[in-house]
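Undergrad: Count along the sequence shown from 1, then add 353; that gives the number in the working numbering.
Hints are computed from structural coordinates only; laboratory data are not their basis.
Some hints here could point you the wrong way.
[As the list claims (entries may be wrong)] Label pairs and their calculated CB-CB ranges: (1) 964 with 1076: 31 to 39 Å; (2) 547 with 831: 55 to 63 Å; (3) 453 with 943: 47 to 55 Å; (4) 780 with 640: 21 to 29 Å.
[Said to hold, decoys possible] In silico DSBU-like cross-links for lysine-lysine, where the CA-CA straight-line distance does not exceed 35 Å: (5) 554 with 522; (6) 525 with 630; (7) 1044 with 964; (8) 980 with 1025.
In this text, a Cβ means the ideal position worked out from N, Cα and C, and glycines have one as well.
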Amino acid sequence: MYWLIFESFLPNLKVVVNAIQTKFRKAENIGIINYNKQGESKDTGTLSIMKRANLLIFFVFSLVTALLPSRMTASEPSFWTVDSKAEILKGQARGVAIAEDGTISLAPRMNKILDTDQPYIWSSAVDSAGDIYLGTGNEGKIFKIDKNGKVSVFVDLEELIVTAIVVGKDDKIFAATSPDGKVYQIDKSGKAEIYFDPKQKYIWSLAILGDSSLAVATGEKARIYLVKKAGDDPEKTILFKTKESHIICLTTDKEGNLYAGTDPNGLVIRFSSESLKTNGKPFALLDSPLREIHDLSIAPDGSLYVLALSESVASQGIKPSQSSDQASPESEESTQSNPTDIAKPQKSKYDLSDSKSVVYKIAPDGSNKIIWNSSTIVGFSILATNEMILIGTSDKGRIYGITDDGKEILLSQTDEGQISTLKTDGNRVLATSSNQGKLYAIALKEKVLEGTYESSIFDAKVTASWGRIWWRSSGNIIIQTRSGNTEKPDETWGDWVDGINEGGMSARIRSQKARFLQWRAILRGANASLNEVKVSYLPDNIAPEIISIQVLPPNIGLAPNPPAIVDPNLESAGIDPQVLGIPQQPIPPRRVFQRGAVALQWTAEDRNSDKLIYSIYYKEVSETLFKPLKENISENFYTIDGLSLADGNYVFKIIASDAPSNPPDKTLTGEKMTEVIKIDNTAPVVKVLSKSVTGNKAKIVFEAMDASSYIVRAEYSINGSDWKKIYPEDGISDGPRETYTLEVELNSPETSVTLRVFDLNGNTGVLKANLGK
354 MYWLIFESFL PNLKVVVNAI QTKFRKAENI GIINYNKQGE SKDTGTLSIM
404 KRANLLIFFV FSLVTALLPS RMTASEPSFW TVDSKAEILK GQARGVAIAE
454 DGTISLAPRM NKILDTDQPY IWSSAVDSAG DIYLGTGNEG KIFKIDKNGK
504 VSVFVDLEEL IVTAIVVGKD DKIFAATSPD GKVYQIDKSG KAEIYFDPKQ
554 KYIWSLAILG DSSLAVATGE KARIYLVKKA GDDPEKTILF KTKESHIICL
604 TTDKEGNLYA GTDPNGLVIR FSSESLKTNG KPFALLDSPL REIHDLSIAP
654 DGSLYVLALS ESVASQGIKP SQSSDQASPE SEESTQSNPT DIAKPQKSKY
704 DLSDSKSVVY KIAPDGSNKI IWNSSTIVGF SILATNEMIL IGTSDKGRIY
754 GITDDGKEIL LSQTDEGQIS TLKTDGNRVL ATSSNQGKLY AIALKEKVLE
804 GTYESSIFDA KVTASWGRIW WRSSGNIIIQ TRSGNTEKPD ETWGDWVDGI
854 NEGGMSARIR SQKARFLQWR AILRGANASL NEVKVSYLPD NIAPEIISIQ
904 VLPPNIGLAP NPPAIVDPNL ESAGIDPQVL GIPQQPIPPR RVFQRGAVAL
954 QWTAEDRNSD KLIYSIYYKE VSETLFKPLK ENISENFYTI DGLSLADGNY
1004 VFKIIASDAP SNPPDKTLTG EKMTEVIKID NTAPVVKVLS KSVTGNKAKI
1054 VFEAMDASSY IVRAEYSING SDWKKIYPED GISDGPRETY TLEVELNSPE
1104 TSVTLRVFDL NGNTGVLKAN LGK
């Protein structure tokens, strides 16, 4: 059976072989095929014969569906394939991670520690005892979670937002508020006193230096203050002032250097420990083309990781930016697999033309490089760990992990709007969120026991019957589906159901017939992973529709242009020509002059993308039944020979049929009629009403009549000279009968005058009159 499939593809054997090699390389990369140190396959020892057979069947199936025509027809199954990272990220990850190649596996364990019932958590810190402090908005509260998990409102400050918290020596807490805020010093009992008032609208960040002084970063006037004691004069504590609008973030390293990030010019500035003791002169490490340096994090090796944003959060004031990268329903919606689509070229990570977020690595020697660049994700926080660099985002409240070589993995997803801060207490990663304000703890080295991935919603465009679902996985995986007829799942959708397993990694879908489908995977056990899912479906046949009919001007015909040359072997092999870059859209016809032509051109639509044929019928308006004029043509245009029809008023009907793509009992049609079209093949009649000669001048009066339409233009020529326009006695040529008067100079014994008139349909009437002295 498999040989017959491949035999039909022999004219394209190279394409087939390349596709198989690609599939096996992908399998090798994800560990489905293993090799020992000598390069010999260990597949025999690690995969059962059944698993290898299923793998081969899956590869053959994927290959055949990739080369078959991709159009959704009502008579042939169509396929929805989810096998790319971009497609997988459209879904919902609950306890699962998504790797760089799109592989779904169990995620690090994440627990929700606290729901503050506040809309935003702006800042967080951890003291030496392991107590956690959360600065919130919009009530100015600081929450404390002690090492035993006890939660309390540590302090309730007067301002709206606690924008920054830092732990000083002796575990004293410093907290900054905005707008028009101050820096507070808070003792262990929760008593707060104003420590520093810079008279600035925003205080964005705080940092403790090696000598225990406090660095304070502000905006709208960008300043860095070094405060050594309570009540210091702001003017005497300015370390750095700049033309920038905001100093957004501060951090320090173990050598005592201070780093700052700015807005709107995206600068990263370093104050060395020596300069902090002397003149405070800064040195710029980075000038990013993105406007805001939003967060900084020092790695264990001393490298500085920088999160830069193209849009300023600071410029939006105290209102945190919304999830601008949340996908719209249209972008969330999946479409059927189309192997002929040209993939968007992958851009260099150094191309920042449409970037929303960029992560830089600045080495201790000052050299820098871009390690991550996203045009779709807005980052909010960054944390450098021993394992990887973590980025908290406003992409569905997700946390991504990246490596220095730019590989990205989705580690965790929450139900919140943004991951606003990332900190560590030494054992866990502490992630806070906004919209709503919650605290999560993540154990990077521990995996959950079970996770669930829900795909995006697939829209078949019409009601469809669901066939089979195939998947490529390892470990314990359960695949379920549900269907419904609303764009977003609600109580009217069917329940999640298992398929009817057919052995291996495929099942018959039991979800009921509907327009929308969703699948989910339940992963259990440390080795569970999922790489690809494919669904077959058969859409209901929908009748084609003639959208519009264009009637060209009289005597203008339409002629086909030469079609693109297609190898006949492609059709016999069942390969879509678009795979080879051959355009599928028909080439528009060219316009030509044709006496008496009535040309029709129409647009048609078939929601199943069925191949259509057309038939043209006509009748005179006084008649009851339409008569066939031309049947079963594939072009969407036709030129009628108007000379073959008697003068009169006609209506033409175009019928579209999807017969080429459907069996006879499933074939549907759609039709549309033209407005009344006048056929007029009779030339106007011209006659002389009178002529007279007086001396060297002659006067001649002509009359032109048209039986079916009206006169639109008249010209005359004297003795065969160039034609000249002449207007009727009433001034406008627009009636079935017009009279023209012409006065002529007689310069020779005999003079001939020719009058030519045109009717609405281009028919011409000509008459010559001879005049003599």
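Undergrad: Now tell me if each hint is right for this structure.
TA: We went through each hint and held it up to the structure:
{"no.": "1", "hint": "964 with 1076: 31 to 39 Å", "in the structure": "violated, 50 Å"}
{"no.": "2", "hint": "547 with 831: 55 to 63 Å", "in the structure": "holds, 58 Å"}
{"no.": "3", "hint": "453 with 943: 47 to 55 Å", "in the structure": "holds, 50 Å"}
{"no.": "4", "hint": "780 with 640: 21 to 29 Å", "in the structure": "violated, 37 Å"}
{"no.": "5", "hint": "554 with 522", "in the structure": "holds, 27 Å"}
{"no.": "6", "hint": "525 with 630", "in the structure": "holds, 23 Å"}
{"no.": "7", "hint": "1044 with 964", "in the structure": "violated, 65 Å"}
{"no.": "8", "hint": "980 with 1025", "in the structure": "holds, 15 Å"}
Of the numbered hints listed earlier, those contradicted by the structure are 1, 4, 7.
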